[in-house]
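S.K.: Sequence:
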Amino acid sequence: MSEPQISPTVVVRALSARFPKWTIWWGEATTHYWGMSRRRDGLLVHIEARSAQEFVQRAREIDADTP
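Each residue of the sequence shown is one higher than the one before, starting from -17 at the first, in this note's numbering.
It should be emphasised that the hints constitute simulated quantities derived from the structure, not laboratory data.
No residue lacks a Cβ here, since even glycine has one placed at the ideal position from N, Cα and C.
Wrong hints could be hidden among the right ones.
Lysine to aspartate or glutamate pairs mimicking EDC-like chemistry, simulated, CA-CA at most 20 Å apart [unchecked claim]:
id, residue 1, residue 2
1, K3, D23
2, K3, E30
3, K3, E43
4, K3, D45
5, K3, D47
6, K3, E36
Here are the simulated distance ranges between beta carbons [to be verified]:
id, residue 1, residue 2, range
7, V(-7), L26, 19 to 27 Å
8, A46, S(-2), 15 to 23 Å
9, D23, T(-9), 26 to 34 Å
10, E43, I(-12), 22 to 30 Å
11, S(-11), A46, 27 to 35 Å
12, E36, T(-9), 12 to 20 Å
Let's have the full structure, built from the sequences with the hints guiding it.
M.R.: Pasting the structure below:
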(Lines of atoms letter the chains of each structure in order from A and count residues from 1; the text may use other names and numbers.)
(Lines give C-alpha, C1' and ligand atoms only; values in the text may rest on other atoms or scores of the structure.)
Protein backbone atom coordinates (compact mmCIF):
# COMPACT_ATOMS: atom_id res chain seq x y z
CA MET A 1 0.00 0.00 0.00
CA SER A 2 1.44 3.38 -0.97
CA GLU A 3 1.36 6.47 1.21
CA PRO A 4 -1.14 9.19 0.25
CA GLN A 5 0.36 12.12 -1.62
CA ILE A 6 0.20 15.44 0.19
CA SER A 7 -0.52 18.40 -2.04
CA PRO A 8 2.37 20.89 -2.30
CA THR A 9 -0.20 23.62 -1.54
CA VAL A 10 -0.94 22.01 1.83
CA VAL A 11 2.78 21.65 2.55
CA VAL A 12 3.45 25.30 1.66
CA ARG A 13 0.66 26.38 4.06
CA ALA A 14 2.18 24.30 6.84
CA LEU A 15 5.70 25.62 6.16
CA SER A 16 4.39 29.21 6.05
CA ALA A 17 2.72 28.75 9.43
CA ARG A 18 5.94 27.35 10.87
CA PHE A 19 8.16 30.06 9.32
CA PRO A 20 6.06 33.27 9.27
CA LYS A 21 9.02 35.50 8.32
CA TRP A 22 9.48 33.51 5.10
CA THR A 23 7.62 33.83 1.80
CA ILE A 24 7.34 30.22 0.61
CA TRP A 25 6.06 28.69 -2.62
CA TRP A 26 6.13 25.50 -4.68
CA GLY A 27 7.85 25.71 -8.05
CA GLU A 28 5.78 23.67 -10.48
CA ALA A 29 8.49 23.75 -13.15
CA THR A 30 11.28 22.82 -10.74
CA THR A 31 9.20 20.66 -8.37
CA HIS A 32 11.13 22.27 -5.50
CA TYR A 33 10.10 24.32 -2.49
CA TRP A 34 11.32 27.91 -2.56
CA GLY A 35 11.50 30.57 0.12
CA MET A 36 12.76 34.10 0.69
CA SER A 37 13.31 36.04 3.88
CA ARG A 38 14.83 39.39 4.76
CA ARG A 39 17.36 39.46 7.57
CA ARG A 40 17.48 42.30 10.10
CA ASP A 41 20.49 43.74 8.28
CA GLY A 42 18.37 44.00 5.10
CA LEU A 43 20.02 41.12 3.22
CA LEU A 44 17.56 38.99 1.26
CA VAL A 45 18.20 35.26 1.61
CA HIS A 46 16.59 32.41 -0.32
CA ILE A 47 16.24 28.65 -0.25
CA GLU A 48 15.58 26.11 -2.97
CA ALA A 49 14.85 22.68 -1.49
CA ARG A 50 13.87 19.32 -2.99
CA SER A 51 11.71 18.41 0.01
CA ALA A 52 9.84 20.02 2.89
CA GLN A 53 12.29 18.39 5.31
CA GLU A 54 15.23 19.98 3.49
CA PHE A 55 13.45 23.35 3.55
CA VAL A 56 12.88 23.11 7.32
CA GLN A 57 16.52 22.22 7.95
CA ARG A 58 17.90 25.03 5.80
CA ALA A 59 15.45 27.68 7.09
CA ARG A 60 16.36 26.78 10.68
CA GLU A 61 20.07 27.09 9.86
CA ILE A 62 19.59 30.47 8.19
CA ASP A 63 17.34 31.78 10.97
CA ALA A 64 19.87 30.67 13.61
CA ASP A 65 22.67 32.51 11.78
CA THR A 66 20.66 35.67 11.14
CA PRO A 67 22.07 38.63 13.06
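S.K.: Compare the structure with each hint and give your call.
M.R.: How the hints compare with the structure:
1. K3 with D23: Roughly 14 Å between the alpha carbons, so the hint for K3 and D23 holds.
2. K3 with E30: The given pair, whose Cα atoms are some 16 Å apart, holds under the 20 Å limit.
3. K3 with E43: The given pair, whose Cα atoms are some 14 Å apart, holds under the 20 Å limit.
4. K3 with D45: Given that 20 Å is the threshold and the Cα spacing comes to 9 Å, the pair holds.
5. K3 with D47: holds (14 Å)
6. K3 with E36: The hint holds at about 17 Å.
7. V(-7) with L26: 19 to 27 Å: Once the Cβ atoms are compared, 23 Å apart, the range 19 to 27 Å for L26 and V(-7) holds.
8. A46 with S(-2): 15 to 23 Å: With a Cβ separation near 19 Å, A46 and S(-2) satisfy 15 to 23 Å, so the hint holds.
9. D23 with T(-9): 26 to 34 Å: holds (32 Å)
10. E43 with I(-12): 22 to 30 Å: Given range 22 to 30 Å: holds, Cβ gap about 24 Å.
11. S(-11) with A46: 27 to 35 Å: holds (29 Å)
12. E36 with T(-9): 12 to 20 Å: holds (18 Å)
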